[in-house]
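The hints should help you fit chain F onto chain Y, whose structure is shown.
Sequence lines, in order, name chains Y and F. All residue numbers for the first sequence refer to numbering that gives the first Met the number 0, where the first residue is 0 and numbers rise by one. All residue numbers for the second sequence refer to numbering that gives the first Met the number 0, where the first residue is 0 and numbers rise by one.
Don't read these hints as lab results, they were simulated from the structure. Using N, Cα and C, we set each Cβ at its ideal position, and we do this for glycine too. Hints are not guaranteed to be accurate.
[As the list claims (entries may be wrong)] In silico contact screen, one side only, chain Y against chain F (beta carbon under 10 Å); selected entries: (1) Arg5; (2) Arg48; (3) Gly53; (4) His54; (5) Leu87; (6) Ala94; (7) Glu96; (8) Pro98; (9) Ser142.
[Said to hold, decoys possible] Here are the simulated EDC-like pairs of lysine to aspartate or glutamate, each with C-alpha atoms no more than 16 Å apart in a straight line: (10) F/Lys35 x Y/Glu90; (11) F/Lys33 x Y/Asp88; (12) Y/Lys25 x Y/Asp40; (13) Y/Lys77 x Y/Asp125; (14) F/Lys33 x F/Asp64; (15) Y/Lys77 x Y/Glu37; (16) Y/Lys77 x Y/Glu140; (17) F/Lys33 x F/Asp135; (18) Y/Lys77 x Y/Glu129; (19) F/Lys33 x F/Glu60; (20) Y/Lys1 x Y/Asp24; (21) F/Lys33 x Y/Glu26; (22) F/Lys35 x Y/Asp88; (23) F/Lys33 x Y/Asp58; (24) Y/Lys77 x Y/Glu26; (25) Y/Lys25 x Y/Asp89; (26) F/Lys35 x F/Asp154; (27) Y/Lys77 x Y/Glu90; (28) F/Lys35 x Y/Asp40; (29) F/Lys33 x Y/Asp89; (30) Y/Lys1 x Y/Asp58.
[Said to hold, decoys possible] Far from chain F, by Cβ distances over 12 Å, these chain Y residues were calculated: (31) Met0; (32) Glu26; (33) Met47; (34) His67; (35) Asp86; (36) Arg139.
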Amino acid sequence: MKWATRAGIHIDRAACAWLIRRHVDKEAEFVFVTDPAEVPDDATPFDMRGVQLGHHGGDCSFETILRHYELTDPVLWKLAEIVHEADLDDERYDAPEAPGVDVVLRGLSMICDDQRILELTGPLFDGLYEYHHRGMLLGREPS
Amino acid sequence: MTADRPPRDPGEWVLLSYRMPREPSTPRITLWRKLKRLGVAQLSDGLVALPADARTREQLEWIADEAIEAGGTASIWIARPATHAQEHELATSMAAARAAEYQAVIDHATQATGAANTAAVVRRLRAELRRIGRRDFFPPLERDRAHAAVHALTDEPGASVPKAASHREKNA
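Here chain Y stands alone, though its shape is the one from the complex (with noise of 0.2 Å):
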């Protein structure tokens, strides 16, 4: 399936793309527009003005996604908090990851193409997922 975004990607839209691929379409092509009349009739347009797969009642693009396909996995539910605060910063939630993630994204968008951001940002969010899972599972930091 053919999924479409804003070209300039940064942290939510990075984390939406790792989280369709990973949990919603393992074969997503993602195609990075810079005005919504040039996304493909045959994608799904996420994180843009309009679209259902955006921002909504003070939800960032990844926990819209993650409402939208029913993925109740708490671990993604605790990336949606680091995601929603490195986008949003509305202090909704505790997550101190958020600055240091953001930065890095920010960082990245000035040196990288938007395909090669996603290529770098799927190990990130792997790790931070895996951190986090083990963190749940021993009730405490992982070491």
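This is chain F only, laid out in the frame that chain Y set:
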């Protein structure tokens, strides 16, 4: 500035024009708080502005969608002030708003000097400085003074001594 240098054109600004239903008031207040947090300059009733870049534009676009979801109307514009004076006025009002916020941090830091729980105050003020910094597009002089005031607080012997002292007492 030298007289022979050609004046820079006024920069691009992103404008959000919006209108929200008066009732219910909660979404309207929530939206206004979000705009305040972004540090917008209010141009007139229902018209706010930020210097345009990818991030500020995106922030205002999401807020525009939020206004529409709440039954209001909103549109986003990229605009250039017609004169330097107009841009200067905008920047000055934004800098003044941040200066007041930094001054509050300076006042807090000054009050906390020598107090017992300095470490907790430092944590809170650092977080506040980060929040202000994110909406500070035209840093006023108060910025450096506020950072210095909070930093001075971390050098206060009072910041770490009480904890160590109570520890010693316990072991005495």
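Enumerated hints in conflict with the structure, sorted upward = Hints 6, 7, 9, 12, 15, 21, 24, 25, 26, 28, 30, 33, 35 are the ones this structure does not satisfy, whereas the remaining hints hold.
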